[in-house]
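Engineer: Okay, here's what each chain looks like letter by letter:
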Amino acid sequence: MITFDNVTKVYQKDWVALQDISFFIDKGEFVFVNGTTGAGKSTLLKLIYKDEEPTKGTIKVLDQNLRLLKKKNLPKLRRKIGVIFQDFKLLQDRTLEENIAFALDVTDTPARDMRKQMLEILTYLRLSHKKFSFPYQLSGGEQQKVAIARALVRDPYVLLADEPTGNLDEKSSQEIIDVLLDINYKGTTVLMATHNLKLIKKVKKRMLRIEDGKLASDQ
Amino acid sequence: MSLRIGIREGFRTITRNASLFLLSLLVTSIALFLLSLFAFVTVNLYHFLNILDEKIEIIAFLEENADYEALKSNILKINGVRDVIYVSSEQALKDLQAELQETEEVLSVFESNPLPASLRIKLLAKFRNARGLEEISGKVMLLRGIMETIYGGELVDQLKKITSVITGFDIGLLLIIIFSVVFVIFQTIKLTIFARATEIDIMKLVGASNSFIALPFTFEGIVQGILGGFIAFILTVVTKRVAVSFLSNIYFPQGYFFVGSLLCGLIFGIIGSSLALRKFLK
Ligand SMILES: Nc1ncnc2c1ncn2[C@@H]1O[C@H](COP(=O)(O)OP(=O)(O)OP(=O)(O)O)[C@@H](O)[C@H]1O
Ligand SMILES: [Mg+2]
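The listed protein sequences derive, respectively, from chains U and C.
87 is the number that the working numbering gives to position 87 of the first sequence; each next residue is one higher, with no gaps.
85 is the number that the working numbering gives to position 85 of the second sequence; each next residue is one higher, with no gaps.
Treat the hints with care, as some may be off.
[Stated by the list, open to error] Within a straight-line C-alpha distance of at most 20 angstroms, the following computed PhoX-like cross-link-like pairs (lysine-lysine) qualify: (1) U:K71 - C:K55; (2) C:K240 - U:K71; (3) U:K214 - U:K46; (4) U:K80 - C:K204; (5) C:K204 - U:K50; (6) U:K60 - U:K46.
[Claimed, not checked] Where chain C lies over chain U, by a calculated footprint (3+ residues, C-beta under 8 angstroms): (7) 14-27; (8) 95-109.
In short, the hints are calculated from the structure, not lab data.
Built from N, CA and C at the ideal position, the CB exists for glycine as well.
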């Protein structure tokens with residue numbers, strides 16, 4: 001499903017963010033990416049949805065070599081990947097509902113299916129009562145949930161979650177983890193980046209640990 | 001990507017940046033108005049020149065008792081002649097009287113009609129210049145029964161020269177105006193795109209194709225162009241109304257101007273927004 005083969009990422013000004021990373025994630029796996037602030041977790045996820053290009057090495061996602069992927073086919077690949085961004089990336093001038101619907105518009109979902117999927121996801125995340133609110137009218141945790149809803153509404157093959165519990169208290173964090181586990185149980189491959197070790201320890205799943213841009217452990 | 005979503009998003013773009021849109025609509029309208037005004041002046045100029053051009057002719061005076069029917073058919077055979085009209089001496093006198101607005105008595109000092117009959121020779125457009133006139137009049141002179149020919153000559157070439165200078169000037173001005181209209185629309189759409197850069201980034205990240213991102217902006221460009229064209233048309237009609245009050249003989253093909261304004265707006269809108277988008281979407 002996702003293969004990294006000796007991947008190195010150097011940002012401009014010779015800053016090595018990731019160095020010689022290799023791993024393979026199979027279909028249906030649930031994997032944590034752990035590391036301290038600045039270790040390179042977000043960079044690793046960005047490489048998967050091709051927001052960044054690797055300096056060296058090969059990345060394969062959904063059987064496609066990203067380096068060989070044609071520019072016009074990138075949107076198609078991204079529609080199969082759900083991303084929960086660390087900074088949410090919500091559209092400020094759209095309501096919660098519009099923000100989520102937006103991800104469906106992009107894929108040309110018929111209006112009837114769209115309404116059904118929206119209803120499902122809003123109920124599932126218990127956001128229905130806020131659907132006409134704008135992002136600035138929501139709490140950090142609620143915005144986080146909207147970001148999750150937008151990533152999930154399209155039923156992605158792969159879900160990339162970058163610190164999805166970053167703004168939540170322990171109880172809400174557990175709620176989110178349960179949602180992600182549930183999604184994973186239904187067949188979606190999940191990759192979740194977090195620095196929160198306590199959370200990872202509770203859920204016994206595979207963990208890639210990154211230290212200073214190197215893969216320190218994989219268990 | 002459905003058109004419905006493109007139009008909906010386009011309206012969103014316009015309403016969210018309403019002041020920017022109105023400002024640039026104003027500029028677009030003014031630029032298109034200049035273009036329309038320019039077309040208006042040019043059309044009238046050419047209309048006028050055409051009338052003058054139509055009047056270029058050779059007048060061949062006939063000897064007394066010449067067989068004008070035979071001469072007419074002979075002249076018609078000359079290359080470059082479009083039409084020949086016979087003017088009898090009586091007709092010539094009547095015309096002169098009409099022109100001088102004199103009574104018959106004044107002219108009746110002459111014992112008999114002093115004016116000769118003539119043939120007015122109309123030429124094909126290609127021959128309406130000094131050389132064509134000279135050439136054809138030379139051939140006419142060779143025919144028996146022709147007393148004399150007269151034509152404009154030098155004056156005609158002067159007219160042609162003025163026409164070509166105006167045409168050159170016209171094309172230059174036209175290019176400048178077209179360039180500025182496209183540039184204004186291009187700049188506006190670019191500003192709108194910049195104002196929504198974050199949004200576009202997010203769209204890309206959730207898998208929006210380039211055409212999905214581009215359609216609303218293209219729509220905005222088209223709306224701006226067509227609305228601008230419409231306003232320009234209205235302003236031109238107003239200008240024409242004003243012009244008519246102190247200039248007679250104004251030529252204004254309203255239908256062509258209406259369609260032309262909207263079409264120019266549409267085309268420039270598409271070109272301007274495509275240029276802006278191409279730069280942004282790479
Ligand atoms: N666009 C960029 N240009 C230059 N350097 C960058 C860029 N993005 C990230 N970096 C650097 O690369 C390193 C890894 O960044 P990254 O965002 O992947 O860390 P992270 O593990 O996600 O951290 P956090 O837990 O704070 O989110 C950091 O030192 C960061 O400063
Ligand atoms: Mg990060």
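Engineer: Does each hint hold? Answer for all of them.
Structural biologist: To see whether the hints hold, each was checked on the structure:
The hinted pair formed by U:K71 and C:K55 fails the criterion: a straight-line CA distance of about 64 angstroms is larger than 20 angstroms. Simply put, C:K240 and U:K71 have alpha-carbon atoms about 52 angstroms apart, too far for the 20 angstroms limit, and the pair is violated. With a C-alpha separation of about 16 angstroms, the suggested pairing of U:K214 with U:K46 holds against the 20 angstroms cut-off. Taken as a hint, the U:K80 and C:K204 pair is honoured in the structure, with Cα atoms around 13 angstroms apart against an allowance of 20 angstroms.
Taking the CA atoms of C:K204 and U:K50, the gap is near 11 angstroms; set against the 20 angstroms cutoff, the hint holds. Taking the CA atoms of U:K60 and U:K46, the gap is near 13 angstroms; set against the 20 angstroms cutoff, the hint holds. Only when three residues or more bring their CB closer than 8 angstroms to a CB of chain C does the claim for the stretch 14-27 of chain U stand; here the count is 0, and the claim is violated. Counting residues of the stretch 95-109 of chain U whose beta carbon lies closer than 8 angstroms to any beta carbon of chain C gives 6, which meets the minimum of three for the stated coverage.
Going through the hint list in order, the structure does not satisfy hints 1, 2 and 7.
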